[in-house]
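Trainee: Between the sequences and the hints, there should be enough to build the whole structure, so can you do that?
Protein chains: 2
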Amino acid sequence: MAEQIEFDQAHQALQEVSEALENGRFVHVRRQLQDMEPEDIAHLLEASPRKSRDVLWQLTDPEDYGEILDELNEDVKDALVSKMEPEVLAEATEGMDTDDVAYVLRSLPDDVSREVLSQMDISDRLRVETALSYPEDSAGGLMNTDVITIRGDVDVDVVLRYLRIKGELPEATDALYVINEDSQLIGQLPITTLITTQPDVKVSDVMADADEAIEVTMSDSDIASLFERRNWVSAPVINEHQHLVGRITIDDVVDVIREDAEHSMMSMAGMDDDEDTFAPVFKSARKRSIWLGANVLAALAAASVSNMFEATLEQMAAIAVLMTIVPSMGGVAGNQTVALVIRGLALGHIGDANKRELLAKEAAIGLVNGIMWALIIGGIVVAWKGNWMLGGIISAAMLTNLLVAGIAGVTIPILLKKMKIDPALAGGMALTTVTDVIGLSVFLGLATFMI
Amino acid sequence: MAEQIEFDQAHQALQEVSEALENGRFVHVRRQLQDMEPEDIAHLLEASPRKSRDVLWQLTDPEDYGEILDELNEDVKDALVSKMEPEVLAEATEGMDTDDVAYVLRSLPDDVSREVLSQMDISDRLRVETALSYPEDSAGGLMNTDVITIRGDVDVDVVLRYLRIKGELPEATDALYVINEDSQLIGQLPITTLITTQPDVKVSDVMADADEAIEVTMSDSDIASLFERRNWVSAPVINEHQHLVGRITIDDVVDVIREDAEHSMMSMAGMDDDEDTFAPVFKSARKRSIWLGANVLAALAAASVSNMFEATLEQMAAIAVLMTIVPSMGGVAGNQTVALVIRGLALGHIGDANKRELLAKEAAIGLVNGIMWALIIGGIVVAWKGNWMLGGIISAAMLTNLLVAGIAGVTIPILLKKMKIDPALAGGMALTTVTDVIGLSVFLGLATFMI
Numbered sequence: 001m002a003e004q005i006e007f008d009q010a011h012q013a014l015q016e017v018s019e020a021l022e023n024g025r026f027v028h029v030r031r032q033l034q035d036m037e038p039e040d041i042a043h044l045l046e047a048s049p050r051k052s053r054d055v056l057w058q059l060t061d062p063e064d065y066g067e068i069l070d071e072l073n074e075d076v077k078d079a080l081v082s083k084m085e086p087e088v089l090a091e092a093t094e095g096m097d098t099d100d101v102a103y104v105l106r107s108l109p110d111d112v113s114r115e116v117l118s119q120m121d122i123s124d125r126l127r128v129e130t131a132l133s134y135p136e137d138s139a140g141g142l143m144n145t146d147v148i149t150i151r152g153d154v155d156v157d158v159v160l161r162y163l164r165i166k167g168e169l170p171e172a173t174d175a176l177y178v179i180n181e182d183s184q185l186i187g188q189l190p191i192t193t194l195i196t197t198q199p200d201v202k203v204s205d206v207m208a209d210a211d212e213a214i215e216v217t218m219s220d221s222d223i224a225s226l227f228e229r230r231n232w233v234s235a236p237v238i239n240e241h242q243h244l245v246g247r248i249t250i251d252d253v254v255d256v257i258r259e260d261a262e263h264s265m266m267s268m269a270g271m272d273d274d275e276d277t278f279a280p281v282f283k284s285a286r287k288r289s290i291w292l293g294a295n296v297l298a299a300l301a302a303a304s305v306s307n308m309f310e311a312t313l314e315q316m317a318a319i320a321v322l323m324t325i326v327p328s329m330g331g332v333a334g335n336q337t338v339a340l341v342i343r344g345l346a347l348g349h350i351g352d353a354n355k356r357e358l359l360a361k362e363a364a365i366g367l368v369n370g371i372m373w374a375l376i377i378g379g380i381v382v383a384w385k386g387n388w389m390l391g392g393i394i395s396a397a398m399l400t401n402l403l404v405a406g407i408a409g410v411t412i413p414i415l416l417k418k419m420k421i422d423p424a425l426a427g428g429m430a431l432t433t434v435t436d437v438i439g440l441s442v443f444l445g446l447a448t449f450m451i
Numbered sequence: 001m002a003e004q005i006e007f008d009q010a011h012q013a014l015q016e017v018s019e020a021l022e023n024g025r026f027v028h029v030r031r032q033l034q035d036m037e038p039e040d041i042a043h044l045l046e047a048s049p050r051k052s053r054d055v056l057w058q059l060t061d062p063e064d065y066g067e068i069l070d071e072l073n074e075d076v077k078d079a080l081v082s083k084m085e086p087e088v089l090a091e092a093t094e095g096m097d098t099d100d101v102a103y104v105l106r107s108l109p110d111d112v113s114r115e116v117l118s119q120m121d122i123s124d125r126l127r128v129e130t131a132l133s134y135p136e137d138s139a140g141g142l143m144n145t146d147v148i149t150i151r152g153d154v155d156v157d158v159v160l161r162y163l164r165i166k167g168e169l170p171e172a173t174d175a176l177y178v179i180n181e182d183s184q185l186i187g188q189l190p191i192t193t194l195i196t197t198q199p200d201v202k203v204s205d206v207m208a209d210a211d212e213a214i215e216v217t218m219s220d221s222d223i224a225s226l227f228e229r230r231n232w233v234s235a236p237v238i239n240e241h242q243h244l245v246g247r248i249t250i251d252d253v254v255d256v257i258r259e260d261a262e263h264s265m266m267s268m269a270g271m272d273d274d275e276d277t278f279a280p281v282f283k284s285a286r287k288r289s290i291w292l293g294a295n296v297l298a299a300l301a302a303a304s305v306s307n308m309f310e311a312t313l314e315q316m317a318a319i320a321v322l323m324t325i326v327p328s329m330g331g332v333a334g335n336q337t338v339a340l341v342i343r344g345l346a347l348g349h350i351g352d353a354n355k356r357e358l359l360a361k362e363a364a365i366g367l368v369n370g371i372m373w374a375l376i377i378g379g380i381v382v383a384w385k386g387n388w389m390l391g392g393i394i395s396a397a398m399l400t401n402l403l404v405a406g407i408a409g410v411t412i413p414i415l416l417k418k419m420k421i422d423p424a425l426a427g428g429m430a431l432t433t434v435t436d437v438i439g440l441s442v443f444l445g446l447a448t449f450m451i
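First to last, the sequence lines map onto chains A and B.
If you're matching positions, the first sequence starts at 1 in UniProt numbering and goes up one per residue.
If you're matching positions, the second sequence starts at 1 in UniProt numbering and goes up one per residue.
Check each hint, because a few of them may be wrong.
Any copy, or any two copies together, can satisfy a pair, since identical chains are not distinguished.
Here are the simulated SDA-like pairs of lysine to any residue, each with C-alpha atoms no more than 25 angstroms apart in a straight line [stated by the list, open to error]: (1) Lys420 to Met218; (2) Lys166 to Trp384; (3) Lys420 to Asp111; (4) Lys355 to Arg30; (5) Lys202 to Leu169; (6) Lys283 to Ile371; (7) Lys283 to Leu367; (8) Lys355 to Asp153; (9) Lys83 to Glu22.
If you're looking for bench data, these hints aren't it; they were derived computationally from the structure.
Note that the structure is a prediction, hence the values are computed from the model and not measured.
Mentor: Put into structure tokens, the structure is as follows:
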């Protein structure tokens, strides 16, 4: 009878384990950990404060280390690995995918990673060294080398017998790769074709084309888009000579998709997307300070603008009271556009062919919302301060700033991307600086001129 | 010989097609569309301005409509479907997955969707009606009903012969489901096991447990977490009587992951994540206005605070010039924390067991960064305005506000989640309101008191 998976299990385990740890019931925790799947232990580690994390790691069966490391997020993985002995680490790599071993080794000091490599057996070492020779965020860095290859001139029956002798297939195997005598990829035999074809048919007669292979240099984001669009489960990787060099599976691609999406979200808030939820205070403070430093410049730019109008501010304090409203609305409206454009750029929806349409559309939205909010806020100000002039000034500034926000919201991310600066990281801050400066200048400038 | 996939193809196609459309070369475009895969046409449609989109849709072979609709984002899909005749739509559904047909029908007026249903053949209609009976964001709404079931008491050989007669397997089939005489799921036979097992072995002797089945009521986000952690390619769905009712595949789960991630990113900027890049101006303006309206309240709250200190502002314009700096830094620092907490909540890393540690850690980061930026900005203000008192006031306000930002950044999203309000949507705005109000109050309050 099928049991349901209780999704709250993980939370419960976290609660139980942390209580047991607090009470020093280590034997109990060790027993609980033995009953858990590696991926659930990984989740538990990520959700644990740093101190309990180290204790938990000590209580975990070292045989599971490899599979757990496979599943951990980068910051947490780095922290645990940095405390492991090279021999233990070398042993752990036996349970890990090639790409993940390469990832771990990249994050270690050179001498430690050389030591770990020297402890691995030859065939594993060669695989890992191959992976290390490609950039981490390319197909070469993402692929595994556990491919099953067959020849095209054999019968389906022969393939089936060969697989029965092999006895086990690598995870997420949905196709066998057909190569020629030069190890070049010439086709794929989907497993589903294999089992629905009569035994006496030749592989080359039923195999699919090899035109869906991934170049070993392709970037991981492009690979993710391809998998998403084609609904692939796995895909072969070839080098510039069409030699089959590995295979990428959907589980690694899902990680890339998740990481890319997290990257956008976290960058937009000025956060490093690797930041562990329980990172050490000083490390986090230092990382986040960079962004606060950028914001100091933006805030000082805005203050310099108001400073130019000190005389006006002195004359009428109501202007100082109201001057934050226009920049605030411009920042919110502009960031809406920035978010839309960043998503569009990431999905490949925005290019030279349509950016003018997009600009026109966002400017029009800025105008529509500008008119609406100019009227509403102008009205509020007239009612509040009983000053028609002030209402008119804030309305004009609001309209101008929302129009500017729409235009800047499209152009800033596109320009940043052209300049090879990540628009998710710098877009929001640049936009806010523009809308702050323009919003304040127009509002205070008009006020100075009119009053 | 394997050809490489050119990732820029899509962009090139977009450029070419839009040029051809502009020049009215429709025959050329129609020919190009015929050479493209449905998923690439979907991408092209999403990247096209609305006017060209309708023309492209007319030029597309109606035979591909179903598969293209399968791949389109929701806003674009809705727009195209709303213009299709029920008969054309009924025909298109033949090429679509059950869950996607159900999605499309949900977005149509009741009478149209009834009309479409009546045009479908009986077995398709029954499947779609089943899917319609479950919530859209549950396993029932996400699953397909194209499962292959076998009995446990037959030999592997019999299964292989059965599959050869069937001739074709549903997409992403990586396991056959073993059921008993009551249609209850009792096990799974992974395809890889099937082909590596000797022909005379009984299915029940090699099948895997059925304990990894998904309850039909499970939410799509929980399903996505499970797939991600277990590295599944597909999973069976069962109802409360353990009856097998369908199957969820990784490609649909990838869409959920992408949508959830986009949702967080877009919501944080106050955007509807369904908003099509080329949505109509008035529709977008209306949707975005809701958020701008919320921000008006936040901005007015801040203005009311400054209004209470009008006398102080009147006395010293430098205070008005400097008063935006403290709220701005608090907003940025607080939103860093909010982003971290939203991600942690989404990944299930934050719960009752560890929220106190998190609060302590973020408060500590607020304190560390608060001290640092208090000193730096205090120094800048002393140098700029030559006023030690003003430097001291802004330092004290900065320190307080960054500490508040850290604490509010943790508590606000957690509280919102408890209140069943999406923290990604409301967290940033609520945080900014708090840091604006506290930042202004402390800075202006101290200034009033001291000067």
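Trainee: Between the shortest in-copy and the shortest cross-copy C-alpha distance, which are at most 25 angstroms for Lys202 and Leu169: within, between, both, or neither?
Mentor: Intra 21 angstroms, inter 20 angstroms, cutoff 25 angstroms: intra and inter.
Trainee: Between copies, within a copy, both or neither: which fits Lys166 and Trp384 at Cα up to 25 angstroms?
Mentor: This pair counts as neither: shortest intra-copy Cα distance 82 angstroms, inter-copy 76 angstroms.
Trainee: Pop the pair Lys355 and Arg30 into one bin, within, between, both or neither, using alpha-carbon distances up to 25 angstroms.
Mentor: between (58 angstroms within a copy, 24 angstroms between copies)
Trainee: Given a CA cutoff of 25 angstroms, do Lys420 and Met218 count as a within-copy pair, a between-copy pair, both, or neither?
Mentor: Cα proximity of Lys420 and Met218: one copy only (18 angstroms, versus 42 angstroms across).
Trainee: With 25 angstroms as the alpha-carbon cut-off, assign the pair Lys283 and Leu367 to within, between, both or neither.
Mentor: between (44 angstroms within a copy, 14 angstroms between copies)
Trainee: One pair to classify: Lys420 and Asp111, alpha carbons no more than 25 angstroms apart. Within, between, both, or neither?
Mentor: Classified as neither: same-chain Cα gap 33 angstroms, cross-chain 51 angstroms, threshold 25 angstroms.
Trainee: One pair to classify: Lys283 and Ile371, alpha carbons no more than 25 angstroms apart. Within, between, both, or neither?
Mentor: between (46 angstroms within a copy, 15 angstroms between copies)
Trainee: Which holds for Lys355 with Asp153 at a C-alpha limit of 25 angstroms: within a copy, between copies, both or neither?
Mentor: This pair counts as neither: shortest intra-copy Cα distance 51 angstroms, inter-copy 62 angstroms.
Trainee: Regarding Lys83 and Glu22, is the shortest C-alpha distance of 25 angstroms or less found within a copy, between copies, in both, or in neither?
Mentor: The answer is within: 23 angstroms in one copy meets 25 angstroms, while 62 angstroms across copies does not.
Figure legend: structure checked against the earlier numbered hints; hints not met, in rising order: 2, 3, 8.
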